[in-house]
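Counting with this note's numbering, you get residues 6 to 446 for the letters of the sequence shown.
Calculated from the structure, these hints are not laboratory results. Honestly, I wouldn't trust all of these hints.
Derived Cβ-Cβ restraints for the label pairs, each shown as a range [to be verified]:
| # | residue 1 | residue 2 | range |
| --- | --- | --- | --- |
| 1 | Q281 | L392 | 57 to 63 Å |
| 2 | A351 | G293 | 47 to 53 Å |
| 3 | R190 | G231 | 40 to 46 Å |
| 4 | R358 | G328 | 49 to 55 Å |
| 5 | R434 | A363 | 24 to 30 Å |
| 6 | A351 | D381 | 48 to 54 Å |
| 7 | G196 | G278 | 35 to 41 Å |
| 8 | G428 | R144 | 39 to 45 Å |
| 9 | A351 | A232 | 27 to 33 Å |
Just so it is clear, the structure is predicted and the values come from calculations on it, not from any experiment. We put the CB at the ideal spot given by N, CA and C, even for glycine.
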Amino acid sequence: MPGVPFGLPRIPAPRSAAEDHGPLPDVAPAPGPVSGPTRTGFGHAPALPSGSPPEPVPAPLPFPVPGTPAGSAAPPHRVLKSLLGAWALAACSAEETALVEAHLTDCASCADEALRLRDAVGLLHPADSLDLDPLLRSRVLAGCLGRRPARIPVPEWATPYDAETAKLDALLRDMGQAEWHAPVRLRWFEGDRPVERETTVAGVIGHLTAVDGMVAASLGLADPLGAVPPDNRGPTVRTEAFWRTAHGEHRPSAAHGPWREQSHTLIRTASFGGAQVAETAVPYGHFGLPVRDAFLDRAFECWVHAGDIADAVDYPYEPPASGHLHRLVDLAARLLPRALAHRRRAGLASPPRRLVEAGTPGRTLHLEVEGNGGGDWFIALDSPAALGTRELTVAHIALDSAEFCQLAAGHVAPDEAAAGQHGEREAIREVLFAAASLSRL
6 MPGVPFGLPR
16 IPAPRSAAED
26 HGPLPDVAPA
36 PGPVSGPTRT
46 GFGHAPALPS
56 GSPPEPVPAP
66 LPFPVPGTPA
76 GSAAPPHRVL
86 KSLLGAWALA
96 ACSAEETALV
106 EAHLTDCASC
116 ADEALRLRDA
126 VGLLHPADSL
136 DLDPLLRSRV
146 LAGCLGRRPA
156 RIPVPEWATP
166 YDAETAKLDA
176 LLRDMGQAEW
186 HAPVRLRWFE
196 GDRPVERETT
206 VAGVIGHLTA
216 VDGMVAASLG
226 LADPLGAVPP
236 DNRGPTVRTE
246 AFWRTAHGEH
256 RPSAAHGPWR
266 EQSHTLIRTA
276 SFGGAQVAET
286 AVPYGHFGLP
296 VRDAFLDRAF
306 ECWVHAGDIA
316 DAVDYPYEPP
326 ASGHLHRLVD
336 LAARLLPRAL
346 AHRRRAGLAS
356 PPRRLVEAGT
366 PGRTLHLEVE
376 GNGGGDWFIA
386 LDSPAALGTR
396 ELTVAHIALD
406 SAEFCQLAAG
416 HVAPDEAAAG
426 QHGEREAIRE
436 VLFAAASLSR
446 L
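All chains should be modelled from the sequences, with the hints used to inform the complete structure.
In structure tokens:
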């Protein structure tokens, strides 16, 4: 009803029942002389002066009400009571609504019943979140592709990146201009110490654009930084250069469009190239990854930084789907022997216990990741080229998948990781620090 908050029907305050003041309208008044005011069923009216014209008879209702004889002044009590359910559901016509609400001002029992019915109707409509399910896009696409498969499907190794960029895109579309200035704290590990850097939501998207550009350049696509010397292709240097270039941008949300267009182009190129581009090398500064692993790396970083943005703007954010999360955990586990060797070269880890020929079994740490996307990995401890085996396991670490990913992202300190540990303490410590060293700006 107009003017009523929240669109709820108006229920006037209950008054005493009509029968408390006399007989109901459809009951004949007691015979006898009437002196003074004439008593009616709904109140008192003054007697008409001598010679005054009679009061006009109310016109018949302009609409039929079930159970109401044509031409009657108002429907009887039983008819109006039967309309209370429809009135509570807002299913009455305008005329019926007016009659029911007029009746509620005089009938206490119906007013009480109307309140109970209205409360019951409220229980039929539980409050739902206005935020879309982040997996809605994946379910819709899966349903469509199940009926008509894509002529050129996205490779399996690119699907996590496709899903995570779509989720972040949905988050960015939901934000207002002011939220692009929200401070975001980026965290990672350098050596044995945590490092922090504060930027904005726009700065995070610029960082993702710059680092995704390394994959784009390796696939022969346009680099968002233009021509970059080979020694300046590391993620940190590229990000700093991109931030300096975009410093004068007056509209922070302008970073959204170029990033999303670049991600679409990367997915299209990977889909058309397929196996032919999967092993193309992508330089990451002091190391490199094949394109298939670079897409997983970009999906992991997109998810981590989307979580940073969601925390900054107080927005709920879901982790990757179980199958995608397993691929991301698998990439981090496969990179651990290389990260451990890099820390040894930098003097941050103890030397290997013994030399192991490439392709032969050596001392092993059993990494058990529990929960969604989890599994078992056997990490070679003495050489990145050695084979990790269950038979030569000297230590065991058990971690939840979410905490392992937070450790690899540099959001959890190695000494604070809630890990189940058994075996050689030195091997356990070095692997946990190697996992944290996978993080970077």
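Cβ distance range 27 to 33 Å for A351 and A232, holds or violated: Because 31 Å falls inside the window, the suggested range holds.
R358 versus G328 beta-carbon gap, inside 49 to 55 Å or not: Given range 49 to 55 Å: violated, Cβ gap about 37 Å.
Supplied distance hint 57 to 63 Å, evaluated on CB atoms of Q281 and L392: 29 Å, violated
Cβ separation of G428 and R144, checked against the hinted range 39 to 45 Å: 43 Å, holds
Consistency of beta-carbon spacing, A363 to R434, with hint 24 to 30 Å: 26 Å, holds
CB-CB spacing for G231 and R190 relative to the 40 to 46 Å hint: 29 Å, violated
Range hint 47 to 53 Å (beta carbons of A351 and G293) holds or violated: Violated: the Cβ-Cβ distance is about 18 Å, outside 47 to 53 Å.
G196 paired with G278, Cβ distance criterion 35 to 41 Å: Cβ of G196 to Cβ of G278: about 37 Å, so the range 35 to 41 Å holds.
C-beta pair A351, D381: status relative to the range 48 to 54 Å that was hinted: 29 Å, violated
Going down the numbered hints, you'll see the structure goes against 1, 2, 3, 4, 6, while the others check out.
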